[in-house]
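First to last, the protein sequences are chains A and B. If you're matching positions, the first sequence starts at 1 in this note's numbering and goes up one per residue. If you're matching positions, the second sequence starts at 1 in this note's numbering and goes up one per residue.
Hints were generated in silico from the structure; no laboratory data involved. Note that the Cβ used here is the ideal one computed from N, Cα and C, for glycine as well. Treat the hints with care, as some may be off.
Okay, the calculated bits of chain B under chain A, using three or more residues with CB under 8 Å as the criterion [said to hold, decoys possible]:
| hint | region |
| --- | --- |
| 1 | 1-8 |
| 2 | 247-258 |
| 3 | 300-313 |
Residues per chain are reported as follows:
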Amino acid sequence: MKIRIKFSKQGPVRFIGHLDVMRYFQKVMRRAGVDIRYSEGFSPHQIMSFASPLSVGLTSNGEYMDIEVNSTGSSAEMIKKINDTNVEGIKVLSYRLLLDTAKNAMSQVAAADYCVRVKDEYSSEISPDFPQNFFNFCKNEKIEIIKTTKKGERTVNLSPFIYEVKMPEPDTVFLKLSSGSTVNVKPEQLLTAFFSEKQIEYRPYVFQVEREELYADEDPEGQHRFVPLKEYGQDITDN
Amino acid sequence: MRKLALSDEILLNVQQPARYIGGEVNSVMKDPEKVDIRFAMCFPDVYEIGMSHLGIQILYDMFNRRDDVYCERVYSPWTDLDQIMRERKIPLFSIETQMPVRNFDFLGITLQYEMCYTNILQILDLSCIPLHSEERTWEDPIVIGGGPCTYNPEPIAPFFDLFYIGEGEVVYDELLDRYKEAKKQGKSRQEFLEAAAEIPGIYVPAFYDVNYKEDGTIASMVPVNSHAPAVIARQLVGDMTGACYPERPVVPFIRATQDRVVLEIMRGCIRGCRFCQAGMVYRPVRERSADELKRLAYAMLKNTGHEEISLSSLSSSDYTHLEEIVNFLIDEFDGKGVNVSLPSLRIDAFSLDVMSKVQDVKKSSLTFAPEAGSQRLRNVVNKGLTEEDILSGSAEAFRGGWNRVKLYFMLGLPTETVQDMEGIAELSEKVAEVYYDTVPKEERHGKVQVTASTSFFVPKPFTPFQWARMCTKEEFLERAAIVNRKMKEMLNKKSLRYNWHEADVTVLEGVLARGDRRVSAVIEEAYRNGALYDAWSEHFDNNIWMNAFETCGVNPDFYTVRERGLNEIFPWDFIDSGISKEFLKREWENAVNEVVTPNCRARCSGCGVRKYGSGVCFEGEDRQ
Ligand code: SF4
């Protein structure tokens, strides 16, 4: 059985890197007694894959991983079991059954939502107009960055990969960005571009970037129809 | 959410910020306002090393079982953060509550190896605690040292208020109770230290005077405070079953050196290798019961979620119920997502059988520790492993599919000759030959690979070699060159590999291991000039140390290359380790005469620890 788990990462654990989060969850599965499937061989590993790595320092309300289990309790029961052994800051939000034919989360990811805010303790290091200015910047039709690849440098316009920009609060810039294996735009890239245009030093620690959700795209060639990854699973109910 | 001591700016600019944020699974959270004693437990090395240490986990668990105590962890900040903390005057903090160490009642520092001594000064310095005991007030924590290096605490004596000699589980409760009492009654710090000095196993260095002879050796060491005893008796756990053991050890987020459940199956060793300090000072052998270990295995795997479990002891093959416990682990956990990692076992039919069950033989290697290249020198060091054992064990393993062998040796052992050194190459060659003799051509997967590694021998206190002369750096390197040359002459040289250890750091370790109080000035001077993380070869700077010896007018050769007379008073002689000096002298004599001493189970050799009334000394007897 394939299961999709959505979880949040908040507080000090934002300093735990992606590989360590993976190791952390392997131990969580054992502590919580999840009947997870193992691969064969001398050092069997759990069948577990993550949708998209989160950079150190970012918080999130929308992380995903897929696992395979031999047996399972109801969603509510499993969420409780897992959260009982979780540390402060990491919390499972949903635990849903996928169809056996479902694509894994990693290959599905096409877009991600982010919120960018200035941390209270660093508000003096930046102009109070930052949210508005950054919002305007992200609305530009041309946001060029220089990408260094093995083949050399090339200029990329990020603008077509910014699907939505808004300011839900006066202190927050919301971004829906292309994500995943095709084009992966990170908020940090936009921040870098913003500051280089303004010719001000970019200090990453000043900002709290939070990932809110990950999506698949049901209409990639046309209008885009973004569906949150958890929608591909069904809650398991008691019966 | 917990508030962190370091800002985001700093945490995003140092390597592995997870070292400093705490919040790990099973870390203990208490309200510091609601306890009487706050204890900062420190391992003076980087987090990943310190978190791997079993002893700290035992004490952390034991202290936190008390409602009136809150024990938190402290590690050495890595060099990047160290620099930032100095520049910005950020005080060193504990992992759990992220509060300054200086506000604690106790700072306990575990001393596992000599090369961490400058890191002790880093910890004190970053905590804003005066480096010297005599400069501290009640505003500072009581600084207490424990662990194997306390069997000669003298080179670091001025930096500590107290040392705890022996196994930590025993008298800490009494120490903490006396502390509470002293605080309640408004006693002075000095008065508390006096009360502490009366507890068995507690050593207060400030209460002793050391007088030296003209030749630099010690004339006498005498208590100068009426509360301080002349001799400090090492404390030990009588019965291991029922002794405190952490069922919920802390699980780090980042990969620690030991990222697994560790079961301590026994303490001590019956073998009596003459170079081995642990084998002496942890006597007598005391075993944990198999039932207790099984219970702990379930509980600890469940509570940590670790994917690996392993056994710990000085010589696991000597554990009485080894087969039972190993078979239990394999039957119960192997193939169920938990790897069973075996400690280095004596190679025989049983160990090869279990190893083939839990490891991929093609990828794993076989380990032997002959320690010396010839039977003669193995007799000198009392290492009971014979060439026959190694060759027949190898043959059996090669038949089972292994084709990699590791051999561990020491160079610079007392009485060592060129023949003994060349014996290292010859023994390696013989192992390679055994492969080609036992495994027919068509069954070989590639060449056999024999790797010989040598470390340089450092004489340690409370071993029969405490009187021995240590080699100079040049002698060490010369000996390694002899082995290397001989390796190249071997027929199967393409199958042989040889590694040797650094010589500079070994010589320094020798000074710190058998040094006296005068060496403390050198440690401080070296630290002031930038020595730190000396156990890390990329950070060790021998020049700093050599300059420090020069500045302080201390001659390192005095502590290393001098052979000590049988009547010399050693800096550590005030400690009663349980092992009698007569026994050690007898063993030193036996070594020189190449006489082997049987192990504790074959025959008791009267080392002196029988007086504790426990362990192997009483096996087979009705203990009433
Ligand atoms: S007293 Fe005898 S049996 Fe006990 S540890 Fe010493 S040598 Fe071994």
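Going down the list of hints, with the structure as the test:
1. Requiring three or more residues with a Cβ within less than 8 Å of a Cβ of chain A, the coverage given for the region 1-8 of chain B holds, as 5 such residues are present.
2. Only residues whose C-beta sits within less than 8 Å of a C-beta in chain A count toward coverage, and the region 247-258 of chain B has 4 of them, enough to reach three; the restraint holds.
3. Coverage of a stretch by a chain is defined here by at least three residues with a beta carbon nearer than 8 Å to that chain's beta carbons; for the region 300-313 of chain B and chain A the count is 7, and the condition holds.
The earlier numbered hints are all upheld by this structure, with none contradicted.
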